[in-house]
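> Model the full assembly from the supplied sequences, consistent with the hints where possible.
The listed protein sequences correspond, in order, to chains A and B.
Counted the way my numbering counts, the first sequence spans residues 1 to 316.
Counted the way my numbering counts, the second sequence spans residues 1 to 239.
Please keep in mind that the hints were generated in silico from the structure rather than gathered at the bench.
For clarity, every value in this text was computed on a predicted model and none was experimentally measured.
Where a beta carbon is used, it is the ideal one built from N, C-alpha and C, also for glycine.
Each hint should be verified, as a subset may be incorrect.
Said to hold, decoys possible - As a list, the in silico DSS-like pairs of lysine-lysine whose alpha-carbon atoms are at most 25 Å apart:
1. B:Lys78 - B:Lys63
2. A:Lys176 - B:Lys78
3. B:Lys63 - B:Lys157
4. A:Lys112 - B:Lys71
5. A:Lys112 - B:Lys88
6. A:Lys176 - B:Lys88
7. B:Lys78 - B:Lys157
8. B:Lys71 - B:Lys88
9. B:Lys71 - A:Lys176
10. B:Lys157 - A:Lys176
As the list claims (entries may be wrong) - A few chain A residues that don't get close to chain B, going by computed Cβ distances all over 12 Å:
11. Arg12
12. Val21
13. Glu125
14. Ile194
15. Ser284
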Amino acid sequence: MKQTTIDIKNVRTLGLLLIGVLLLATLPLYGSPYSVIFTTSIIMYIVLTVSWAIFSGPTGYLSLATAAFFGVGIYTIAILGEEVQLFAVILLGGVASFCLALLVGALTLRLKGVYFAVFTFGLVELIKHVLLWYEIKFTGTRGRFVVVVDNTTIYYIMLAILITLLITAFVIRRSKYGLALQSIGEDESAAAHIGVNVNVVKTITFAISASFMGMTGAIMATRWTYIDPYGAFKSLYSFMPVLMAIFGGLGTFYGPILGATIFAYLEELLITEFPYYYMLIIGSILLVTILYMPNGLVGVVQRLQRRISGGRGANP
Amino acid sequence: MRILEGEGVTKRFGGLAAVEQMDFHVDQGEVVGLIGPNGAGKTTLFNLISGVLVPKPGRIEFKSENITGLKPNQICRKGVARTFQSVKVFSNMPVFGNIYLAALFGNRNNLTSAEAAQEATDLLEFVGLSAVRSSSAQDLTLANQKRLEVGRALATKPELLLLDEVMAGLNETEVAQTMELVNKIREEGITIVMIEHIMRAIMNVCDRIIVLHHGKKIAEGSPEEIATNETVVQVYLGE
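The following block contains the structure:
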């Protein structure tokens, strides 16, 4: 009996997902050019948020290095975009971020709590200033041009990255390594004492999440045609995923997706409608979220569901 | 046969020697009690054996294999499991999940998820937590959380189990139940080293007792010998 309800639920979720993917995949056919560009931005934020949440969600390690990995992707395409084929550059952007995260992770993932957060934040600044120094000292110019790619291609590549990421996140969450990540968040030393190789699990997951950020940076940079260290390594890109994930609800699979979608949409809407007040409004929304919705949007949805179903299936 | 052996094991924190030049051994199938006043170095010794700390200098062998300097997860998979003085259960996970995880990652035979789930179910029965298997670990009583830690340690299929004050803070009945559990574990053929302050429990359960004081071993012997040992009485009761 229980089995069948679960199956129906799975089929329904799968059906909804397929319809969603189909709608997104055909968007350039019926949507306006603006809607394609707009959706690309939203997808970018979803990818950054979900990939951030793969690692930081279960482990509780607050990483502020998103901008670093995103920026590495941006610089990869700025340097290699002319010579190497587009898909290869994007993959290379992912690989470069993966390697950087492996290195940084192996060195710093033993830092706990606020120390890790501060270090990852510092990493963004460090890379930014090393690049600035290098450009001024050796190339003599600040910034670079990036190859131009048409908006539909960017859109499809972002969509492909999103789908790969969602599958990866889902598989990790359902696998035994998902459980291991969660146990690290609960109590790292206990996790080590039951045989979890905490350093390897943490570092690899950190690197996987970074690779998606790198790929996203590589393709998104083509939209901006010109980049410099200040634009590529903006700490805003580190904070947005954190805010979006909290807004949506950490700890669930859908939370970060929902949070990023609505938040990015809101941001775009507010920036065009209320250019002067938009930061104020965003800030107020965040305050309300943190004060009254500790489990984010998903928490609110779950509470509503529970109220409607009168407690049925409240404990799935 | 010696299952665990330590040679000149030392650990200094700054200038303070928490454990100094300790030689010790544990035989296969034994229950060894580790007692001593607070700060004697008992938990530090556990941390040295389980790999949280590395002795410097000193050497620890498990089943005649040098395990000095290995990481906790490696030592766990060699067959040494432990519980913690302050409970470290995975609070937000279900009771079942706590044990299941240990069976998945700690067992040297690399169980499949179905085997690990079976193992976890059996162990819940063994430690007497089947009734609360779906509750969140944080909702358990202290006694049950300590049982859960024992169950989680057992899920890694250890040959040597280190119990760090599993009875502290429990009431009379719970202490008796835990003593029963310890005896059941020993009947499974698992060697046990336990730190405990409850003398009644230690005297009843242990084959041999090691007494630590200021990081040094000051006495060793059967419960009867220890109970009448003059140095031990002095350390505990004063001159």
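> What hint numbers does the structure not satisfy?
Number 14 - this is the single hint that the structure violates.
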